[in-house]
Amino acid sequence: MEIDPFIFRLSIFILSIFIGYYVVWSVTPSLHTPLMSVTNAISSVIIVGAIIAALAGNNENIFNEASVFGFLAIILAAVNIFGGFLVTQRMLAMYKKKKK
Amino acid sequence: MISTNLLALFYLVSGVLFILALRGLSSPETSRQGNFFGILGMLIAVVVTFLSTGNFSTSFIYVIVFILIGGSIGAFIAFKIPMTAMPELVAGFHSLVGLAAVFVAISAFLNPEAFNLGTTGNIKLASLIEMSIGAAVGAVTFSGSIIAFLKLRGIMSGAPITFPGQHILNLIILISLVALTYFLCVIQASNLFWTLIAISFLVGILLIIPIGGADMPVVISMLNSYSGWAAAGIGFTLENTALIITGALVGSSGAILSYIMCKGMNRSFFSVILGGFGGTDQISKSNNIEQKPVKSGNSDDAAFLMKNASSVIIVPGYGMAVAQAQHALREMVDTLKKNGIKVSYAIHPVAGRMPGHMNVLLAEANVPYDEVFELEEINNDFANCDVAYVIGANDVTNPVAKTDPQSPIYGMPILDVEKAKSVLFVKRSLSPGYAGVDNDLFYRENTLMLFADAKKMTEDIIKSF
Numbered sequence: 022m023e024i025d026p027f028i029f030r031l032s033i034f035i036l037s038i039f040i041g042y043y044v045v046w047s048v049t050p051s052l053h054t055p056l057m058s059v060t061n062a063i064s065s066v067i068i069v070g071a072i073i074a075a076l077a078g079n080n081e082n083i084f085n086e087a088s089v090f091g092f093l094a095i096i097l098a099a100v101n102i103f104g105g106f107l108v109t110q111r112m113l114a115m116y117k118k119k120k121k
Numbered sequence: 028m029i030s031t032n033l034l035a036l037f038y039l040v041s042g043v044l045f046i047l048a049l050r051g052l053s054s055p056e057t058s059r060q061g062n063f064f065g066i067l068g069m070l071i072a073v074v075v076t077f078l079s080t081g082n083f084s085t086s087f088i089y090v091i092v093f094i095l096i097g098g099s100i101g102a103f104i105a106f107k108i109p110m111t112a113m114p115e116l117v118a119g120f121h122s123l124v125g126l127a128a129v130f131v132a133i134s135a136f137l138n139p140e141a142f143n144l145g146t147t148g149n150i151k152l153a154s155l156i157e158m159s160i161g162a163a164v165g166a167v168t169f170s171g172s173i174i175a176f177l178k179l180r181g182i183m184s185g186a187p188i189t190f191p192g193q194h195i196l197n198l199i200i201l202i203s204l205v206a207l208t209y210f211l212c213v214i215q216a217s218n219l220f221w222t223l224i225a226i227s228f229l230v231g232i233l234l235i236i237p238i239g240g241a242d243m244p245v246v247i248s249m250l251n252s253y254s255g256w257a258a259a260g261i262g263f264t265l266e267n268t269a270l271i272i273t274g275a276l277v278g279s280s281g282a283i284l285s286y287i288m289c290k291g292m293n294r295s296f297f298s299v300i301l302g303g304f305g306g307t308d309q310i311s312k313s314n315n316i317e318q319k320p321v322k323s324g325n326s327d328d329a330a331f332l333m334k335n336a337s338s339v340i341i342v343p344g345y346g347m348a349v350a351q352a353q354h355a356l357r358e359m360v361d362t363l364k365k366n367g368i369k370v371s372y373a374i375h376p377v378a379g380r381m382p383g384h385m386n387v388l389l390a391e392a393n394v395p396y397d398e399v400f401e402l403e404e405i406n407n408d409f410a411n412c413d414v415a416y417v418i419g420a421n422d423v424t425n426p427v428a429k430t431d432p433q434s435p436i437y438g439m440p441i442l443d444v445e446k447a448k449s450v451l452f453v454k455r456s457l458s459p460g461y462a463g464v465d466n467d468l469f470y471r472e473n474t475l476m477l478f479a480d481a482k483k484m485t486e487d488i489i490k491s492f
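Residue numbers (the working numbering), protein chains in the order written: chain A, 22 to 121; chain B, 28 to 492.
Chain A with its partners taken away, still in its complex shape (with noise of 0.2 Å):
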């Protein structure tokens, strides 16, 4: 019998909670706020999906019920997207060395 592929799928999720555990506990505590908000910009990655919810409309009727969410979800997860790394990277340019 063959294995059902959501069982691959648990096993990725339950190793990448392993991997997201040690990683986590290695970030420097200095730098919380930035994994926060680095953390908040990579999970809105949950655009591909509104990406295809949007595109599933046809060309004669592109916004119907549900690509309509779609679309909205796109506006959000971009903002996020662009919002998170961004900030991200203006905190980070901010940790500087003591200037020797």
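Derived by calculation from the structure, the hints in this document are not laboratory data. Wrong hints could be hidden among the right ones.
[Claimed, not checked] Subject to a maximum C-alpha distance of 27 Å in a straight line, what follows is the list of computed DSSO-like cross-link-like pairs (lysine-lysine):
hint	chain 1	residue 1	chain 2	residue 2
1	B	K322	B	K448
2	B	K151	A	K119
3	A	K118	B	K334
4	B	K429	A	K118
5	B	K322	A	K117
6	A	K117	B	K365
7	B	K365	B	K107
8	B	K429	B	K319
9	B	K448	B	K319
10	B	K322	B	K446
11	B	K490	B	K364
12	A	K119	B	K334
13	B	K369	A	K117
14	B	K365	A	K119
15	B	K369	A	K119
16	B	K429	A	K119
17	A	K117	B	K319
18	A	K118	B	K369
19	B	K365	A	K118
We have chain A; now place chain B onto it with these hints.
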């Protein structure tokens, strides 16, 4: 048009780049490169998604336009936002992720064919469960973050809002959510789906209103975690590896931050969630404050003490952020350094309104990060330092956390400010801190209270030097 397998491989690449983005944050030197990896991962994910749909019709142009609209709003906010407003910005961003997850789930529910999830009214059972979880968690994240945003922004009072029967109400709602999901899976009626989302919005609100202002570091971290789990739920629905990996990373990241924040306050996660901190203790403790003598001084006294010191430790807290005193503080430290005095900064894990809040503010004021130390690194140095300059912090320095088992903050790790030869306390008044506990340090022999606005006092000290 690219094949499904190739698409999945590219999503995997995105996922790995996101891991590297977080890995980069282990030190400030590698962090900027890490952020670049994150952007690259996002770019790959978006581009291959376009290629996979192969739909470059008019809809495609609309998608690009909508991305640009959202992107310019985001970029505008990112450049305009002052660093002191970072907590509410992050809360606001979390709400957007949550709402986006809800929208994607709704879209998948209305048009399951587009995602290969079956047909309307006959969606695959597993997909329906994943979809419901994604939508529910997304909705909780959305409304919860909105409340957190309003509290942080000061639009809504930071005081915990509790009412009788709150916990029972929450329990009933939780049970009804599970029941709704079950019936949704059985009869697939769209009304049930809408109800599920509506109730989840309500849960988010009820979850955050009983939590007080100073517990915000935990709340923000927790919502960060939720936004990750919502993304993962949608990732399972859409069978998208990039989303699953990212969701897991963000979910565990937020959970760890919540844990670190709870530990910094010596409170259990559940006691924070159940809310209502310090409500009853305040009244009983406030009676015996007035009698004790307090030494207070002005900027000249403070400057005199510092001039004669050889080492000074600065302890910043939320009050510094409120007074926007970080730049003035840096100037004062420059003056001290010019006089050959050794200066370092001590930061408590829960100083400010979000994890790492003080570090960002100091970085903004051009304080080099290698002069800023965490609690464990610097706590032993207080015994050898001449002056501790406490600016806008209170509870995190209160020795009662070590001595009085009755105190609500007992067991909280504190900065050993009391061990310094002299303590300068910049504060507006003798009022107790957020926890409602009187600070013993105010009445110590070696403490000098500087009653003033943090920024004004710091500027005056520079002038008196």
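Tested hints:
For a cut-off of 27 Å, the pair hint linking K322 of chain B to K448 of chain B stands: about 15 Å separates their Cα positions. This hinted pair does not check out: K151 of chain B and K119 of chain A have alpha carbons roughly 58 Å apart, beyond 27 Å. A C-alpha spacing of about 26 Å is found between K118 of chain A and K334 of chain B, which places the hinted pair at or below 27 Å, so the restraint holds. Straight-line distance between C-alpha atoms of K429 of chain B and K118 of chain A comes to about 35 Å, which puts the hinted pair past the 27 Å bound.
With a C-alpha separation of about 38 Å, the suggested pairing of K322 of chain B with K117 of chain A is violated against the 27 Å cut-off. Proposed proximity of K117 of chain A and K365 of chain B is supported: the alpha carbons are some 20 Å apart, at most 27 Å. This hinted pair does not check out: K365 of chain B and K107 of chain B have alpha carbons roughly 34 Å apart, beyond 27 Å. For the suggested pair K429 of chain B and K319 of chain B, the alpha carbons sit about 21 Å apart, so the restraint of at most 27 Å is met.
Our distance criterion of 27 Å between C-alpha atoms is met by K448 of chain B and K319 of chain B, whose separation comes to about 21 Å. Taking the CA atoms of K322 of chain B and K446 of chain B, the gap is near 17 Å; set against the 27 Å cutoff, the hint holds. Distance check on the hinted pair: K490 of chain B and K364 of chain B sit about 15 Å apart at the alpha-carbon level, within 27 Å; holds. Of the pairs offered as hints, the one joining K119 of chain A and K334 of chain B holds, with about 23 Å between alpha carbons and a cut-off of 27 Å not exceeded.
Distance check on the hinted pair: K369 of chain B and K117 of chain A sit about 19 Å apart at the alpha-carbon level, within 27 Å; holds. Using a Cα cut-off of 27 Å, the hinted pair K365 of chain B and K119 of chain A holds, with the two alpha carbons roughly 15 Å apart. For the given pair, K369 of chain B sits about 13 Å from K119 of chain A by alpha-carbon distance, which is consistent with the 27 Å threshold. For the suggested pair K429 of chain B and K119 of chain A, the alpha carbons sit about 35 Å apart, so the restraint of at most 27 Å is broken.
With a C-alpha separation of about 44 Å, the suggested pairing of K117 of chain A with K319 of chain B is violated against the 27 Å cut-off. For the proposed pair K118 of chain A and K369 of chain B, the alpha carbon gap of about 16 Å is at most 27 Å, so the pair holds. Between K365 of chain B and K118 of chain A the alpha-carbon distance is near 18 Å, which keeps this suggested pair within the 27 Å criterion.
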